[in-house]
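Following the hints, put chain B in place on chain A, whose structure we already have.
Protein chains: 2
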Amino acid sequence: MGKKRLILITNDDGFEARGYRRLINLMRQYGDVIAISSVESMSAMSHAITMKVPLRTRLVRKEDGLVEYVTNGTPVDNVKMGKHLFLDRMPDLVVSGINHGSNAAINIIYSGTVAAALEAAIDHIPAIGFSVNEYGADIEMTHVDEYVKKITEKVIKEGLPEGIALNVNFPKYSAEPIKGIKVVRQAKATWRETYEERTDPYGQKYYWMGGVFLDGDGRPDTDEKALAENYVAVVPVKIDFTAHEWIEKMNFDD
Amino acid sequence: MGKKRLILITNDDGFEARGYRRLINLMRQYGDVIAISSVESMSAMSHAITMKVPLRTRLVRKEDGLVEYVTNGTPVDNVKMGKHLFLDRMPDLVVSGINHGSNAAINIIYSGTVAAALEAAIDHIPAIGFSVNEYGADIEMTHVDEYVKKITEKVIKEGLPEGIALNVNFPKYSAEPIKGIKVVRQAKATWRETYEERTDPYGQKYYWMGGVFLDGDGRPDTDEKALAENYVAVVPVKIDFTAHEWIEKMNFDD
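Taken in sequence, the protein lines are chains A and B. Position in the first sequence (from 1) plus 420 gives the number in the numbering used here. Position in the second sequence (from 1) plus 420 gives the number in the numbering used here.
Calculated from the structure, these hints are not laboratory results. All values derive from a computational prediction rather than experimental measurement. There's no promise every hint is true.
One copy or any two copies: either way a pair holds, since identical chains are not told apart in the list.
To be verified - Below, a list of computed lysine-lysine pairs in the DSS-like style, where the Cα atoms sit at most 27 Å apart:
| no. | residue 1 | residue 2 |
| --- | --- | --- |
| 1 | Lys669 | Lys577 |
| 2 | Lys669 | Lys570 |
| 3 | Lys658 | Lys608 |
| 4 | Lys608 | Lys669 |
| 5 | Lys472 | Lys592 |
| 6 | Lys669 | Lys658 |
| 7 | Lys472 | Lys574 |
| 8 | Lys423 | Lys608 |
| 9 | Lys472 | Lys482 |
| 10 | Lys608 | Lys424 |
| 11 | Lys569 | Lys669 |
| 12 | Lys669 | Lys574 |
Looking at chain A on its own, in the form it has when it is part of the complex:
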């Protein structure tokens, strides 16, 4: 690739997903694109990396301004391979998505989409994870283009602080236009899991996980609240699990 801006794109819904194809098309106006995704869906793979089986890659497209690979890796594997296997320099921007389903609130920790953006942030590459708050292969996404472009252009122009990525969640499509963008915090909202027991044709029991989403966070400045009010929710995110406020208060010497 030449000296144009270099944009790495991945997702966690597999390389055929509507949101991923849409994101690739939207990003080509901003530079050369390398798109790396998995053959199968990698939903809920979080920041997992592949260690038990070898990684396989396949070049599926190479045309002016776009190189596309498919792999058996997770979203984080795909960013790592982009950085250290496919490219001879770091990309200028990493974008992930557009995910079919919310990555707001607690969903962020299960999300391969946001994990991919955070993986880029480790190397101080500006990175954005995009998600739409609606599940399904055929969800409507026309309403997000304007905001994908607006946020991407701002990040291209101004960069992001070191180690910071953006977790961007769009409201599901509705007749009402999106009201705007809010920069907010991750809501304290969680899932309560349920397990459906079934019996296979061989008489063995197995389980499918399900759950209900519980938003118990009443604060006005959360991603969940912004989505509910038809705003785009932008959360600046970083990899630091430390609960800094508790370091000084804990003492194991006594």
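Positioned in the frame of chain A, the structure of chain B alone reads:
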């Protein structure tokens, strides 16, 4: 199970791992134990959950004070199944490990061990992830027992703040005794990945990921620093990716 203290144990090295068996034995003195682990290693599975294949479980042991299951799930699946499938009440304590290998610094985000503890913290269950800073199936662990007990007893006695878990890393075994416990922050230290290319017997290329660990964090109060000085590193951790300090500074309206 009765009304004794109920302790859920999991890990990410598989149910036969030395560190896991050791942790189960250590915990039985504190209450009734339910141990749930995977048949295979789940290293580097992060906070992944199983959605593409059904979950399978098998009861492998039931004796006074100990019930043990093996599953095909990730560490987070195992905690979720403990909470919502196997038990009719929340456990009083969740402990994970003892992991063979460090979960300090950036390793925390790949770690199934710490993810399991964080998964418990979502429901405000006191939880601890234990890891030793040495890889290998047969590593020496006798030096950690005293500190596993000390930290566990303190958590049992005093609890933990809501939503907070402990990421505990032990130095590798050495002739020098451990110097004590330090409560510290997650170091800014990362991996630089490498990919080893091989060719399979059928002529197809594949890759194994490797890497070198780069500790560029010079601060004195990090987990890496504590381990290097032969201290136990305790980091209070929580699930909140928000970079709070940047919320006010970002504005997408202009």
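Each hint tested on the structure:
no.: 1; hint: Lys669 with Lys577; verdict: between (41 Å within a copy, 16 Å between copies)
no.: 2; hint: Lys669 with Lys570; verdict: between (43 Å within a copy, 17 Å between copies)
no.: 3; hint: Lys658 with Lys608; verdict: both (17 Å within a copy, 11 Å between copies)
no.: 4; hint: Lys608 with Lys669; verdict: both (23 Å within a copy, 22 Å between copies)
no.: 5; hint: Lys472 with Lys592; verdict: between (37 Å within a copy, 24 Å between copies)
no.: 6; hint: Lys669 with Lys658; verdict: both (23 Å within a copy, 15 Å between copies)
no.: 7; hint: Lys472 with Lys574; verdict: neither (39 Å within a copy, 37 Å between copies)
no.: 8; hint: Lys423 with Lys608; verdict: neither (43 Å within a copy, 31 Å between copies)
no.: 9; hint: Lys472 with Lys482; verdict: neither (30 Å within a copy, 30 Å between copies)
no.: 10; hint: Lys608 with Lys424; verdict: neither (41 Å within a copy, 31 Å between copies)
no.: 11; hint: Lys569 with Lys669; verdict: between (44 Å within a copy, 20 Å between copies)
no.: 12; hint: Lys669 with Lys574; verdict: between (40 Å within a copy, 14 Å between copies)
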